[in-house]
Amino acid sequence: MSTFSFLEATAWHCVGCNQPLQPTKMQVTYLNSAFDVELMACSSCGFTLVPESLAVGKMLEVEQLLEDK
Amino acid sequence: MGEGDVQVLLPPFHSVSLRTFHLTMDQLQLRELEARCIQEEQPFCTAACPIHVDVRAFMTALAKGDVREARKILDRTMPFPEILGRICDQPCRPFCKRGEIGDPLAIGRLEQFCVRTTQTVVKLPKLPAKGGKVAVLGAGLSGMTAALDLGRKGRPNTLITSSPAIGGSLHQVAESILPKEVFVQAEATLTGYGVTIQTGTMLDRQAVASLLDKYDAVYCDWDGFDASLLPFALGAPDPLTLALERDGCFGGGGVETGEPFSVMHQVENGRRAALSLERHLQQVSLTAQREKEGACATRMYTVTKDFAPAAEMLPADAEAGYTGEEATQEAARCIRCECMECVKQCVYLQEYKEYPKTLIRKIYNNQAIVQGTRNANKLITACSLCNQCTVICPHDFPVAEVCRSTRVEMVETGHMPPSPHDFALEDMQFSLGEFCALSHHQPGTESSTYLFYPGCQLAGSAPESVKRTYGFLTAHLQGGVGLMLGCCGIPAHWAGRTALFAETMATFKAEVHRLGQPTVITACSSCLSIFKECAPELTTTSLWEVLDTLPLPQGHSRPIQPLTLHDPCTAREQQDLRASVRSLCTKLGIAVVEHDYSGELADCCGYGGLMQFADKPLGRKAVRHKAGRSDLDGLAYCAMCRDNLAAHGRPVAHLLDYLFPGTDREPLARSNPGFSQRHENRARLKNDLLAEFRPEESVSRPAHTDTRLLISRELEDLLNSRLILAEDLQKVIHHAENTGNYLFNPANGRRLAKYRPVRVTYWVEYESTDEGYLVHNGYSHRMQLPEDSK
Amino acid sequence: MQADCLLRAGTPVTLYEQDALHALTGGTLRPGGLVLTEELLHFCNFASGSTVLDIGCGPGHSLELMARALGLCPTGIDPSPAMLAKASQQAPMAALHQASAVAIPCNTASFDGVLCECVLSLTEDLSISLAEMHRVLKPEGRLILTDIYCKQRSLQTRLPELKSCISRALPLETITGALIRAGFSLTLVRDRSDLLKQLAGQIIFSYGSLEKFWGLFMDSDAAHRTSCALAAAPLGYYMLVAEKGGLHG
Chain A
1 MSTFSFLEAT AWHCVGCNQP LQPTKMQVTY LNSAFDVELM ACSSCGFTLV
51 PESLAVGKML EVEQLLEDK
Chain B
1 MGEGDVQVLL PPFHSVSLRT FHLTMDQLQL RELEARCIQE EQPFCTAACP
51 IHVDVRAFMT ALAKGDVREA RKILDRTMPF PEILGRICDQ PCRPFCKRGE
101 IGDPLAIGRL EQFCVRTTQT VVKLPKLPAK GGKVAVLGAG LSGMTAALDL
151 GRKGRPNTLI TSSPAIGGSL HQVAESILPK EVFVQAEATL TGYGVTIQTG
201 TMLDRQAVAS LLDKYDAVYC DWDGFDASLL PFALGAPDPL TLALERDGCF
251 GGGGVETGEP FSVMHQVENG RRAALSLERH LQQVSLTAQR EKEGACATRM
301 YTVTKDFAPA AEMLPADAEA GYTGEEATQE AARCIRCECM ECVKQCVYLQ
351 EYKEYPKTLI RKIYNNQAIV QGTRNANKLI TACSLCNQCT VICPHDFPVA
401 EVCRSTRVEM VETGHMPPSP HDFALEDMQF SLGEFCALSH HQPGTESSTY
451 LFYPGCQLAG SAPESVKRTY GFLTAHLQGG VGLMLGCCGI PAHWAGRTAL
501 FAETMATFKA EVHRLGQPTV ITACSSCLSI FKECAPELTT TSLWEVLDTL
551 PLPQGHSRPI QPLTLHDPCT AREQQDLRAS VRSLCTKLGI AVVEHDYSGE
601 LADCCGYGGL MQFADKPLGR KAVRHKAGRS DLDGLAYCAM CRDNLAAHGR
651 PVAHLLDYLF PGTDREPLAR SNPGFSQRHE NRARLKNDLL AEFRPEESVS
701 RPAHTDTRLL ISRELEDLLN SRLILAEDLQ KVIHHAENTG NYLFNPANGR
751 RLAKYRPVRV TYWVEYESTD EGYLVHNGYS HRMQLPEDSK
Chain C
1 MQADCLLRAG TPVTLYEQDA LHALTGGTLR PGGLVLTEEL LHFCNFASGS
51 TVLDIGCGPG HSLELMARAL GLCPTGIDPS PAMLAKASQQ APMAALHQAS
101 AVAIPCNTAS FDGVLCECVL SLTEDLSISL AEMHRVLKPE GRLILTDIYC
151 KQRSLQTRLP ELKSCISRAL PLETITGALI RAGFSLTLVR DRSDLLKQLA
201 GQIIFSYGSL EKFWGLFMDS DAAHRTSCAL AAAPLGYYML VAEKGGLHG
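Residue numbers (our numbering), protein chains in the order written: chain A, 1 to 69; chain B, 1 to 790; chain C, 1 to 249.
By construction, these hints were calculated from the structure, which means they are not laboratory data.
None of these values were measured; they are calculated from a predicted model.
Careful: at least some of the hints might be erroneous.
Pairs of lysine-lysine residues, derived as BS3-like cross-links and limited to a Cα-Cα distance of at most 30 Å, are as follows [to be verified]:
{"#": "1", "chain 1": "C", "residue 1": "Lys212", "chain 2": "B", "residue 2": "Lys357"}
{"#": "2", "chain 1": "A", "residue 1": "Lys25", "chain 2": "C", "residue 2": "Lys212"}
{"#": "3", "chain 1": "B", "residue 1": "Lys378", "chain 2": "C", "residue 2": "Lys212"}
{"#": "4", "chain 1": "B", "residue 1": "Lys616", "chain 2": "C", "residue 2": "Lys138"}
Please put together the full structure from these sequences, using the hints given.
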């Protein structure tokens, strides 16, 4: 029942599989901790899209939280 | 492998409650170190005051116009503020530091102003009554003070005087200064604390003798009680306890031979006696731990040179004393003595709002957390380890030593987070790796008397300077000058990676040995400092000292304008090195202007201790602070200082730019190459030198280095600030184009690819063109995706 | 209680009844979730058919886990009828009672194990609760305890007013001391504050920020105050296994 989403309509599609990306539930991990997120990924090969806003935003925030910074 | 690996399983349990933990710093060492920081020592006035009034806080309150708050401060320590505040003889005044830059504060007049315009604000509590019969003979100010203090301690006592009223010699003070109501007030105060006042009591020898038998403890105030009435020979009262010959009898106050009557002396003795009597009644030691009583020494250290001198504010009406406005102005002259000398110069201590005593306590507490969240990790990794504070501190407080050894401990116990140091350590490994490292005798020779060690940052920043310097050394020194490219390992030392550093140092020593133990000539003061500390058996010297013994290179140049000289923090201990630099500047005809924080007091540019990686914004503040020491353009002789200052926007040249000028650029306009370019420069330097030394060999770079990238200047800066190297982008694109795994946007023809070489995933947005790959964006993260563990 | 119902600032919020928190922690409302529960149960090595009491069983996920995955005979108690209703659906095989730790409606020495996760700090009286747990355990029975604790005694009063384990976090020594006085011996005591961080990280990913998460249960001012107070609060998370009797008891 999350009200915050990293899913966005995206023009990127997977070249290797010649397919658009699908919303996919998965776990991301860092320093022994795992988190449930939903990101756009290719259903064939599993290539996951991490947009810049997520990488330098929430992801970095959680990485630093885990590092005690 | 270890750190950074994700362990999916929870760690195994062991059936032991809390494991013991060995701390680098134990409690005793903590206390010893804490004691070196004098920030919390008493200011000079408070130490000189026999009752330790918090004069500094008093002045602060008055300067704000808060007279009530000021009165509270007096109420807390002064007995009878309404009396003492009016006639205090200011034994503290000669010690007022303001006296060094103007007149000392008019403490007495300010006290008068305060007690004339306020009533008692704070009533100290009275402890519950304990037993014991106590008498005070003589009701001068000393006896009154003793009686009051004892009453507050829960010892109801009897204050006896033959005079018609309490006060003793105080009645000789003019009523205009000491109005009658203060005595009424004092009596009420005393009675409120359980003191029974007996005035007009006839005291002869017989009466005194029976009083001494009746009471368990007696204090004699010489100002109001005649010592000849005592039934025993007086002797000299013990100065520490004021004890007399007879057990339970104490005496003080009055006038010391040859001295004028001192009000504070009365109070000091009264307070001292009260404590002695209390201990006597408790049957405990009269003498233990009484060093801080009365006026005492202080280790406080205050620098006054930055204050403008200011004369005393005199009241317009001397009779009436200060008005509120005048008092505020006079009190505002207080310089609020404290130390904070190291903090004044250090951006790190200012940022984290610590001074050494509180800093070390915080670090100790962080390390003592065996299992659980530690919040001081950044505090420990952000220090530049530059030792400026230690030099400034009158007691040499070793902040750097504490921080660095704590980092070692954190690494050993697995508590060091990866991101502060990873990038710098990978940079170091690159410098030590096959693409950059080189170790060779001078071409055409089989042995080396000297070994030129330019250091990783000079090689990365100005490879041409390395070549020219080497050329000059080989031409002017006899016996063969070898060359070694690598990294001295100081990043590992700063990061607390003891094993890695030891390995690097061992390899270096072995290589120097293999080359025949030549004298190592370092261009970098960081390399020099670490070799002197960790390889003392080798002969090491600086390039500047060597160049100072040789003739100036042909074609040397100099700037037209005067330059300010920026010493690096790692040259702090190298007096000869610094002197040689200045000598070279003189020979070159460079007009060097010194600023106040050079030499021993040099600031760190932010690279030291890996500060700029552990706390990027702080690193920026550090370089801004260093640059701000002077308005002039700069001259540096440490490649890292120069590059950091240049990145900050300050024109700064490197000394080698004038000793061995190139034809292509103006030294003061040279920008910071950035991390990617540094890698490129080091690799290219090795290749160029190998072509000279061993033309048959060449090092082939991996395939991805052939990937041609087109990057705009702004994007280059962004990538540099994100610690993303051009080579990282090449790896991503090379991987993507070879595997065919990447994302594509048909609307603009751009590609988005990722690659995780070790611990960081790099993303690149780019498009393929005829001239190469046009890069639009680059970013990274450490969090792992599901596909990363396949 | 609807998650989007705004509460007045100052009204204690019953955390464990909130759907949002449930959804986050996969049906449980604890750092570590059911994975931690299972690991601790494995550590105790209960034989098949052992009787285990879950204090504060909530919607019954641990009960279901114990019955299905470990073959145990679970009993659950909870003061909330709404929770018990959910538990009877989730774990129909379990005996359920509406009760709290200070008065457990079970016979003396009737359980091989007691599970008490993130609940102890909610109980009204620590000593009485521990005495009750001691009473209902068979000799050498095991107690599994997980909860928040407070790392610095002096900052205890600044913990936010939430009706949850957070506001009454105690120092770890207080808890272990009380356990020993109640007749338990300590087999395992371990800090698991990493699980708190994991939960915080998950909240950030799922809600955008910790403050936005609190905003689901209270108005924005209170949410802001709560997230500031929590950021400063020295909270840790511990896991503990104790035995009735043994060396200390």
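Exercise. Among all the numbered hints in the text so far, which are the ones the structure does not match?
Worked result: Of the numbered hints, 1 and 4 do not hold.
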